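Asks: Sequence:
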Amino acid sequence: MEVKERLLKFLEYKGLSKSEFCRSIGVSVSFINSMVKAMQPDKVDRITLKYPEFNTGWLMTGEGQMLRDTKERIEEENELTVSEVIRMMNDQRKEFNKQSEELMTQNRMLIETIKIQAQQQEKTNVHQDGNVGCADANG
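Under the numbering used here, read the sequence shown as residues -11 to 127, first letter to last.
Since the hints were made in silico from the structure, they are not lab data. Fair warning: there could be bad hints in the mix.
What the hints assert, rightly or not - Straight-line alpha carbon distances no greater than 35 Å define the calculated DSBU-like cross-link-like pairs of lysine-lysine that follow:
(1) 38 / 103
(2) 6 / 38
(3) 103 / 82
(4) 111 / 82
(5) -8 / 31
(6) 25 / -3
(7) 25 / 82
Remember, predicted model here, so these are calculated numbers, not experimental data.
With the hints as constraints, model all of the structure from the sequences given.
Replies: Okay, structure coming up:
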């Protein structure tokens, strides 16, 4: 069985027409018909991204099973490269810094509000103290 035949077997299993499959991976409808014995790596990558359950090793060599083992797929999907981890950490750091800056801005605004309220309260107290003193002097 050649690559093309194995691919057609997968399409039959998925219930997909050739044109549906080709559209789903972003290739022309003639892609399958023009296939002879091999497939370009970028096309294999597209298939892997769109159909992670499809064992592209089996597609290319005929060895193994048509569908990948669920455990194997989960392990591969959970593997992160060092650069992906660093990127994720940098994204988290940026988000943390953004949130911290927002909280600091809110705190500064609250402090200003408290200062204004304290000044107003002080003025009110002085005004009340002055009125009480006048009332006692007149009284």
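Asks: Compare the structure with each hint and give your call.
Replies: Status of the hints after comparison with the structure:
1. 38 / 103: Violated: residue 38 and residue 103 sit about 59 Å apart, past 35 Å.
2. 6 / 38: 15 Å, holds
3. 103 / 82: Holds, at about 32 Å.
4. 111 / 82: 44 Å, violated
5. -8 / 31: Holds - the C-alpha atoms of residue 31 and residue -8 are around 13 Å apart, at most 35 Å.
6. 25 / -3: 15 Å, holds
7. 25 / 82: Distance ~48 Å between residue 25 and residue 82 Cα, so the pair is violated.
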